[in-house]
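Residue numbers (this note's numbering), protein chains in the order written: chain A, 1 to 246; chain B, 1 to 364.
Simulated from the structure, these hints should not be mistaken for lab results.
There are no misleading hints in this set.
Okay, derived cross-link-like pairs now, BS3-like style, lysine-lysine, Cα gap no bigger than 30 Å in a straight line:
#1 B:Lys50 / B:Lys79
#2 B:Lys98 / A:Lys114
#3 B:Lys106 / A:Lys146
#4 B:Lys69 / A:Lys113
#5 A:Lys113 / A:Lys77
#6 B:Lys157 / B:Lys140
#7 B:Lys79 / B:Lys34
#8 A:Lys74 / B:Lys31
#9 A:Lys130 / B:Lys327
#10 B:Lys109 / A:Lys146
#11 B:Lys106 / A:Lys114
#12 B:Lys50 / B:Lys93
#13 A:Lys217 / A:Lys232
#14 B:Lys327 / B:Lys131
#15 A:Lys130 / B:Lys98
#16 A:Lys114 / B:Lys89
#17 B:Lys145 / B:Lys157
#18 A:Lys113 / B:Lys106
#19 A:Lys16 / A:Lys232
#20 A:Lys113 / B:Lys31
#21 B:Lys98 / B:Lys34
#22 A:Lys114 / B:Lys69
#23 B:Lys79 / A:Lys77
#24 A:Lys205 / A:Lys130
#25 B:Lys132 / B:Lys335
#26 A:Lys218 / A:Lys232
#27 A:Lys77 / B:Lys50
#28 B:Lys34 / A:Lys77
#29 A:Lys114 / B:Lys93
#30 A:Lys146 / B:Lys113
#31 A:Lys146 / B:Lys339
#32 B:Lys327 / B:Lys114
#33 A:Lys218 / A:Lys205
#34 B:Lys339 / B:Lys109
#35 B:Lys34 / A:Lys73
#36 B:Lys89 / A:Lys130
#37 A:Lys130 / B:Lys69
#38 B:Lys89 / A:Lys205
#39 B:Lys79 / B:Lys93
On a predicted model such as this, the values are computed, not experimentally measured, just so you know.
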Amino acid sequence: MDVIRVENVKTVFGKKVVHDGLFLSVKEREIYGLLGPSGCGKTTLMREMVMLEPIHSGSIYVLGENVAKISEKKAQKLRESWGVLFQFGALFSSLNIAENIARPLVEYTTLSKKTIEEVVAFKLQLVGLKPSDAYLYPSQISGGMKKKAGLARALAMDPKLLFLDEPTSGLDPISAREFDRLILQLRELLGLTIVMVSHDIRSIKDTMDRFAIIDNKKIAYEGDYAGIANAKSDFIDTFFKEENEQ
Amino acid sequence: MERSGGFRIEAQEKGCRIALFGDFDFLALQKFEKRSNALGLDERTVIDCKNVDRLDTIAALFLVELQHKHSLTLANTEKIERTLELARKYPIKELPSKDEGGFIAKIGKEASKKFCFVVAFLNFIGELFVKKVSVFFKPKYFRYKEILFEINQSAIKALGIVALTSFLVGVVIAYQSAVQLKLYGANIFIVDMLGISILRELAPMITAIVIAGRSGSAYTAEIGAMKITEELDAMRTMGFDPFYYLVIPRIVALVVTLPILIFVADISGVLGGMLISNTQLNISFGLFIDRFNEVIALKHFLIGIFKGPFFAFLIATIAIYRGFMVKDDTQSIGKNTTKSVVESIFAVIVCDALFSVIFTNLGV
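Pulled out of the complex, with its shape left as it was, chain A reads as follows:
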């Protein structure tokens, strides 16, 4: 079963056509990448998947629901079953880190305070933060920490589907590799399906099962890393060939 299926999606901003007929599908338990040059609409496509951006035409099915024509009730259920990490964390600035992570659990479950606190302490350590950081506010922490805290919040409910927008950008190389290991481990243990936008060639190589390259409004390539040699596109040539020569 496809977790996400994008069919003939067209996106238009004013007069500018961003996507012109995209097709792709994400399978269960897959780590799927959205790649492409800056401004090609990777993040826009991801925003369309999570219902933040309207779709001009075509359809996107997420967990079997067409997000363009979904009832509010079903949409709410869908929102509870995924986690989204934004590029800069998008933490709630009025809440500290612990409250940010606990928020979905407090809102959607009846678990006791103690259990929620345990979960928060666990998730903090899982993403590489210290429990002593729990009471810091987003304005008091660095960009990398914001990202880790954002991931902890996205993982708070152990969602089956995770959207990550440039998860390793702005992280130091050690944290970035730890991050790659973490998502591989989570995928294995929790059966996660992960869709991510990334420019990090190491993370593309190490973690992604398959990816789609969006270039010039179309999907230039969809498949795994091994098959990239046969694909033709300016972006693919410069982005992958140089890496392979090294």
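With the hints as your guide, set chain B onto chain A.
Quick look at chain B alone, frame taken from chain A:
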């Protein structure tokens, strides 16, 4: 398709046996957590996870904690064991307790915060003064274009609302006094009353309040947002002093235009009063203006206009200072905008009270 998770309690002679099954996630755990408190769990209890398809980390954490507390037995498959392993991996199970300090510490913190605020404000005023003086010697730092832009933004576009507010206040004052004056047959004195009160006090005050709410808040929000997006830092690194580009143009714009706005408020306020005098007290427009000429000295008008630049300086300075005080989070824009409006209106009223005392003592 995964089964939704749940649990079954199978009592046995020695302790109880709890079988978990399906997709045992936080939803299933919610019910289990409530029940588990009522069950007498002990070291003979067995929790059987063999039929669990998927265990999420929230449930895993809970089970590990139960095992730790009651030293009960968990019967697992290898896959579940690995999730439990992950849950056991981190030694710290609780968040550290919050250290907020005692009552005295809180008072101390609050006091030092207030003190720092006063020092920072004095600092700002000092810098503003120095930069203002230097601008007169270096006219190229005088940004005419920005000043004109701000005049349009914060004053010309405010003409309508200032005129309307003042007109309505004129109407209200005239209406209320008309009833009283009629009782004494002192109809014509409404001209004296309206003239002095509007020209001298009401028009400057209303204009200042409207501008504080409209343009002052905009200044705070604009500069605050620029601070969050690091635009101010970018300006500084490029050598554009925000004082010359943002602060002085805004202050000059308000100082120049507030007297003009007050003049407009004078006209529309008196107009409102005149209209009501005509309808309620049968004072014709001609009579009203004749009487106005006779009894209202020029000084009242001049005092009203004279207050303008002072009010403008207070509003613009406080608003901009509040903008600079915005910290690196979105909430502080709202907080500082509110404070900016409240503080500048308060400062305007204090300033007006001071003027009242001074002018009365001077006999004007």
